[in-house]
Amino acid sequence: MIGLIIKKELREIVRTSKVAWLLVGVGVLVGLALYNGYSYFTTHSALLRESQQTTYQQFITQGDKNPHLGAHFGFYAYKPTADLALLDNGLENYTGTSFYLEPHQRGVVKFREVSDATGLRAFGFLNIGYFAQFILPLFIFLITHNIFAKEWENGTIKMVLSARVSARQLFAGKLLACWLLVLAVLAVLVLVPLALLLAHPGAGGVLPSYGCYAGGLVLYALLLTILGVSVSLLARSSSLALVALTGFWLLGVFLVPRLASQLARQVHPAVSSVAFDDQTFHDKQYGVGGEGTKDFRREHLADSVMQQYHVKRLEDLPVFFIPITIEYFEETDGRVMENAYNAIEANEGRQNRLVLASALLSPFLAFRDFSLHLTATDMNTHQDFAQQAEAHRRRMGVLVDSFYQKNTVASNDFWKTLPQFAYAAPGLGWRLSNAAAPMAILLGWLLAALGLMLLAYRRMRV
Amino acid sequence: MPVSISRVLWRHELTLLYRNRVLVTLFSLILALLLASLWIGSSLLRQQQRTIGRIRAHGVEQTDSLKTRIRRVEAAGMRYPGFIWDDPTFAYNTARNEGPQYAVKQPFALQALVTGQSEVQPFYYKVYINKKQYLVHEGEIDNGFLQFVGTFDFAFVVIYLLPLLIIVFTYNVLSSEKEQGTWVLLKTSNQSIARLLLYRIGIRYGLFTGFFWLIVGPVLALLIGPAFLATSNWWWLVGFVSLYFAFWFAVAFWVNSFSLSSNVNAMTLIFGWLLLGLLVPNLLQIGLNRAYPIPSRITLSTDERNAINNYFKKDGQLLTKDVFSSPRTQIRQASVVTPGMVYGYGVIVYKSQEIKDQATRVAERRLYGQIERQQAAIRRWQLISPALLLQEVLSALAGTHWHQFNQFSLDVDQFRLQQQRFFYPKMASEQTYRTFTTADADAIPRFAPQVYASYDWLHISQTLLVYAAVVAAVLTLGYRRMLYAGR
Numbered sequence: 003m004i005g006l007i008i009k010k011e012l013r014e015i016v017r018t019s020k021v022a023w024l025l026v027g028v029g030v031l032v033g034l035a036l037y038n039g040y041s042y043f044t045t046h047s048a049l050l051r052e053s054q055q056t057t058y059q060q061f062i063t064q065g066d067k068n069p070h071l072g073a074h075f076g077f078y079a080y081k082p083t084a085d086l087a088l089l090d091n092g093l094e095n096y097t098g099t100s101f102y103l104e105p106h107q108r109g110v111v112k113f114r115e116v117s118d119a120t121g122l123r124a125f126g127f128l129n130i131g132y133f134a135q136f137i138l139p140l141f142i143f144l145i146t147h148n149i150f151a152k153e154w155e156n157g158t159i160k161m162v163l164s165a166r167v168s169a170r171q172l173f174a175g176k177l178l179a180c181w182l183l184v185l186a187v188l189a190v191l192v193l194v195p196l197a198l199l200l201a202h203p204g205a206g207g208v209l210p211s212y213g214c215y216a217g218g219l220v221l222y223a224l225l226l227t228i229l230g231v232s233v234s235l236l237a238r239s240s241s242l243a244l245v246a247l248t249g250f251w252l253l254g255v256f257l258v259p260r261l262a263s264q265l266a267r268q269v270h271p272a273v274s275s276v277a278f279d280d281q282t283f284h285d286k287q288y289g290v291g292g293e294g295t296k297d298f299r300r301e302h303l304a305d306s307v308m309q310q311y312h313v314k315r316l317e318d319l320p321v322f323f324i325p326i327t328i329e330y331f332e333e334t335d336g337r338v339m340e341n342a343y344n345a346i347e348a349n350e351g352r353q354n355r356l357v358l359a360s361a362l363l364s365p366f367l368a369f370r371d372f373s374l375h376l377t378a379t380d381m382n383t384h385q386d387f388a389q390q391a392e393a394h395r396r397r398m399g400v401l402v403d404s405f406y407q408k409n410t411v412a413s414n415d416f417w418k419t420l421p422q423f424a425y426a427a428p429g430l431g432w433r434l435s436n437a438a439a440p441m442a443i444l445l446g447w448l449l450a451a452l453g454l455m456l457l458a459y460r461r462m463r464v
Numbered sequence: 008m009p010v011s012i013s014r015v016l017w018r019h020e021l022t023l024l025y026r027n028r029v030l031v032t033l034f035s036l037i038l039a040l041l042l043a044s045l046w047i048g049s050s051l052l053r054q055q056q057r058t059i060g061r062i063r064a065h066g067v068e069q070t071d072s073l074k075t076r077i078r079r080v081e082a083a084g085m086r087y088p089g090f091i092w093d094d095p096t097f098a099y100n101t102a103r104n105e106g107p108q109y110a111v112k113q114p115f116a117l118q119a120l121v122t123g124q125s126e127v128q129p130f131y132y133k134v135y136i137n138k139k140q141y142l143v144h145e146g147e148i149d150n151g152f153l154q155f156v157g158t159f160d161f162a163f164v165v166i167y168l169l170p171l172l173i174i175v176f177t178y179n180v181l182s183s184e185k186e187q188g189t190w191v192l193l194k195t196s197n198q199s200i201a202r203l204l205l206y207r208i209g210i211r212y213g214l215f216t217g218f219f220w221l222i223v224g225p226v227l228a229l230l231i232g233p234a235f236l237a238t239s240n241w242w243w244l245v246g247f248v249s250l251y252f253a254f255w256f257a258v259a260f261w262v263n264s265f266s267l268s269s270n271v272n273a274m275t276l277i278f279g280w281l282l283l284g285l286l287v288p289n290l291l292q293i294g295l296n297r298a299y300p301i302p303s304r305i306t307l308s309t310d311e312r313n314a315i316n317n318y319f320k321k322d323g324q325l326l327t328k329d330v331f332s333s334p335r336t337q338i339r340q341a342s343v344v345t346p347g348m349v350y351g352y353g354v355i356v357y358k359s360q361e362i363k364d365q366a367t368r369v370a371e372r373r374l375y376g377q378i379e380r381q382q383a384a385i386r387r388w389q390l391i392s393p394a395l396l397l398q399e400v401l402s403a404l405a406g407t408h409w410h411q412f413n414q415f416s417l418d419v420d421q422f423r424l425q426q427q428r429f430f431y432p433k434m435a436s437e438q439t440y441r442t443f444t445t446a447d448a449d450a451i452p453r454f455a456p457q458v459y460a461s462y463d464w465l466h467i468s469q470t471l472l473v474y475a476a477v478v479a480a481v482l483t484l485g486y487r488r489m490l491y492a493g494r
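These protein sequence lines map, in sequence, to chains A and B.
In case it helps, the numbering used here puts the first sequence at residues 3 to 464.
In case it helps, the numbering used here puts the second sequence at residues 8 to 494.
Where hints are given, some of them may not hold.
Which stretches of chain B does chain A cover? Using the computed rule of at least three CB atoms under 8 Å from a CB of chain A, they are [stated by the list, open to error]:
1. 57-68
2. 270-277
3. 363-373
According to the in silico footprint, chain B covers these stretches of chain A (three or more CB under 8 Å from chain B) [claimed, not checked]:
4. 74-83
5. 117-125
6. 310-319
A few chain B residues facing chain A, derived, Cβ under 8 Å [stated by the list, open to error]:
7. V175
8. I301
9. E399
These aren't lab readings, by the way, just hints derived from the structure by calculation.
What you are looking at is a predicted structure, and each value in this text was computed from that prediction instead of being measured.
Beta carbons: idealized from backbone N, C-alpha and C, even for Gly.
Make a model of the complete structure from these sequences and hints.
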């Protein structure tokens with residue numbers, strides 16, 4: 003019986019001209035999302051891969067230079083495009099990809115593409131992630147909003163309920179019919195990008211993350227379908243169900259996240275760049291925890307080094323003193339900068355948690371967070387990259403300064419001994435652990451949707 | 008239309024709207040959101056003004072401290088007690104330490120309404136002689152995730168939320184009459200049904216728009232002061248927003264004229280909103296990125312670095328030999344920093360910066376040329392999406408458009424050249440590299456902060472007229488169809 007209901011509903015849905023148009027529209031959008039995501043992934047991956055080689059090549063062929071001057075020429079650590087950026091490029095355009103490795107300066111990630119974007123940026127970037135978060139829910143709601151309501155509006159509900167079909171069979175049949183249609187769209191969303199990914203060499207490593215992403219997407223679509231069908235049954239009016247579901251979508255997709263983001267800015271305000279510069283300059287110059295001014299520490303360092311080598315003048319040292327000073331202040335200034343950046347990251351963490359908490363009001367937001375973590379285009383991955391790049395900068399600094407202690411000229415032979423930078427985003431376990439909170443919220447929403455479904459089912463009376 | 012009928016319609020509409028609980032609830036919600044957006048926008052504006060105040064104070068403190076330190080060195084017979092790299096009488100040291108000045112884009116009052124590009128573009132730069140601001144600026148410290156989520160401002164409420172309220176307001180103006188069985192009664196009246204419905208839509212538009220400005224104007228004046236009321240930007244903004252509302256009322260009227268069910272009307276209007284507000288701009292973005300791809304800034308740094316490497320392989324060899332191996336500079340020994348070393352580094356920085364600036368000029372033209380082409384294309388195509396058009400116009404009128412930030416950036420670049428012209432001769436000459444005085448400290452060029460809120464490039468009156476014509480055309484189409492539907 004359920005099979006018959008599914009067949010009837012599917013035939014009715016597909017034969018409705020508005021749904022046919024809707025499906026054509028969805029097909030075109032999915033195609034464009036795939037094209038956009040794929041071209042972003044391929045062009046950015048190639049650019050960053052080549053640029054990493056170029057910048058390092060420039061560094062190791064800079065010729066004879068004073069080691070410190072050569073180190074200032076430095077090179078860039080580029081964050082490779084995320085392996086699943088084809089699905090969702092997340093924060094990549096907002097966080098930047100380039101980290102400059104040079105002495106004295108704790109690096110910051112630069113070249114955010116969003117700085118060069120036009121006003122169109124505000125309308126989003128159409129890819130699979132965007133489609134799943136913004137358009138798929140609306141598609142599901144447009145399909146489901148009148149699946150039950152039409153029976154009341156057409157006056158056919160009495161006829162249906164008085165037939166041999168049970169209420170349970172009717173509910174299951176209608177729900178499954180909608181779900182099959184949604185599944186067909188999901189199949190395109192999941193399988194086509196998978197084929198495109200597999201066409202790339204070495205893509206096998208991302209399959210576990212991809213599988214989990216697909217699982218999350220199915221779960222998310224299921225909960226939305228259940229919500230849509232339940233609201234249609236509860237409202238008993240297509241218009242009311244449509245207004246309610248669209249309103250929920252609008253609140254969840256646009257309103258709640260943006261309000262939460264502003265609230266996060268108000269509750270946990272960020273320090274201004276001017277204040278940040280003033281504070282770090284002060285701490286570096288005058289010291290923290292009573293360590294004394296920079297001049298005092300420099301004098302103290304000179305005394306202790308001369309004492310170590312049993313000499314009375316810096317010029318008599320068997321090693322050059324300047325690189326020792328540089329290295330010493332890399333350590334002390336580095337601590338100041340690390341504390342300052344840690345404070346910023348901690349504040350951003352508080353802001354992000356507040357925004358995530360608002361996902362309790364919006365399953366769309368929970369899925370977006372899940373998507374960012376699974377595709378490694380989230381803030382955690384960005385911070386991981388920045389930490390690794392900074393660690394590489396320090397490693398380079400130590401190598402250059404120890405060479406500089408005995409040499410005042412470095413040639414290409416030396417530059418070639420300094421290691422290239424390579425970053426690989428962490429694997430599935432790390433991604434899943436970051437995504438634990440949004441996954442829990444999505445599961446909570448699924449339970450809530452099931453609860454609403456039970457409530458709606460019990461009220462299926464004429 | 009006799010006056011009595013108008014009065015009846017007004018009374019009828021007011022009673023109907025007042026008694027519709029869904030509408031009253033929605034209206035209250037949107038009102039709360041509108042007020043919240045005005046408060047958020049004004050607090051962001053105040054925050055920016057506070058930061059600018061801090062920058063100003065920082066500049067005064069820095070100059071005072073620089074002059075005090077110079078006087079101290081001069082009083083001690085040009086002996087500096089601390090580290091030589093901090094000695095302010097060396098022009099190169101001051102150019103690196105206290106010399107860099109802040110260049111500030113003063114916020115325009117209407118920025119409280121539209122965040123625009125101010126979310127991702129810096130409103131101040133610290134201008135160094137040796138750092139191209141395009142390559143180093145990161146703007147204000149902000150959370151990338153929050154920027155990704157987007158801002159909640161007046162423009163967002165107007166562009167996205169209010170059209171949906173208008174849809175809820177209007178989707179069943181005709182269909183509800185049919186569904187409730189009052190259609191037959193209407194048909195028997197001696198009034199033209201098309202004109203009656205046009206009046207009803209007109210009354211709703213008047214109520215909605217009037218109420219909207221009655222709230223926004225006074226609340227905004229209270230939050231940021233009434234000065235904005237005297238600017239032409241504000242009145243253009245009122246015109247465009249009112250026309251945007253008119254567009255959605257007109258579209259709803261047109262959709263109603265097809266005599267479909269309320270449900271289909273609602274679906275069509277929501278789909279129209281999604282299409283015009285979200286999908287069309289997105290598709291345009293894909294097309295423009297394809298037609299005018301914006302090169303990455305990475306290419307700028309690659310070009311700059313290639314030029315430096317080439318320079319040091321040829322001409323730079325002579326310079327480095329002179330600077331590194333000269334007994335005067337003593338860079339070859341690395342035990343103590345000598346005055347010659349400070350001078351030598353000053354020369355290297357000056358020379359290599361000239362090379363870098365020259366090298367990046369071409370790449371910069373490529374980058375900004377493509378962005379300008381995209382902007383020009385947006386201007387040509389903006390009519391296809393009223394949401395895009397309104398966003399472009401609103402951000403221009405609020406002083407947060409890309410053009411205005413770009414102009415600011417170009418002015419900062421000129422200012423940087425001014426600073427270079429001031430410091431280079433002093434730091435790269437053997438006669439002057441350690442003669443920086445308090446008079447020089449006073450003569451360091453300062454950026455004159457200014458408001459960037461002109462909108463000449465918009466051709467605003469033509470745009471408004473064309474847009475009004477589109478609204479009129481949609482209304483006419485709807486009216487003609489309605490005449491047919493009324494039979």
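Okay, the hints, checked on the actual structure:
With 4 residues bearing a CB less than 8 Å from a CB of chain A, the segment 57-68 of chain B meets the requirement of three and the coverage assertion stands. With 5 residues carrying a beta carbon less than 8 Å from a beta carbon of chain A, the segment 270-277 of chain B meets the three-residue requirement, and the given coverage holds. Requiring three or more residues with a Cβ within less than 8 Å of a Cβ of chain A, the coverage given for the segment 363-373 of chain B is violated, as only 0 such residues are present. For the segment 74-83 of chain A, the stated coverage by chain B is satisfied: 3 residues place a CB nearer than 8 Å to a CB of that chain, which reaches the threshold of 3.
Using a Cβ-Cβ cut-off of 8 Å, 9 residues of the segment 117-125 of chain A lie near chain B, which meets the minimum of three, so the contact claim holds. With 3 residues having a beta carbon nearer than 8 Å to a beta carbon of chain B, the segment 310-319 of chain A meets the requirement of three or more and the stated coverage holds. Hint status for V175 (chain B) relative to chain A: holds, with the closest Cβ pair at about 6 Å, below 8 Å. Evaluation of the I301 (chain B) hint against chain A yields a held restraint, the C-beta minimum of about 5 Å falling below 8 Å.
This hint holds: E399 (chain B) has a C-beta 6 Å from the nearest C-beta of chain A, less than the 8 Å allowed.
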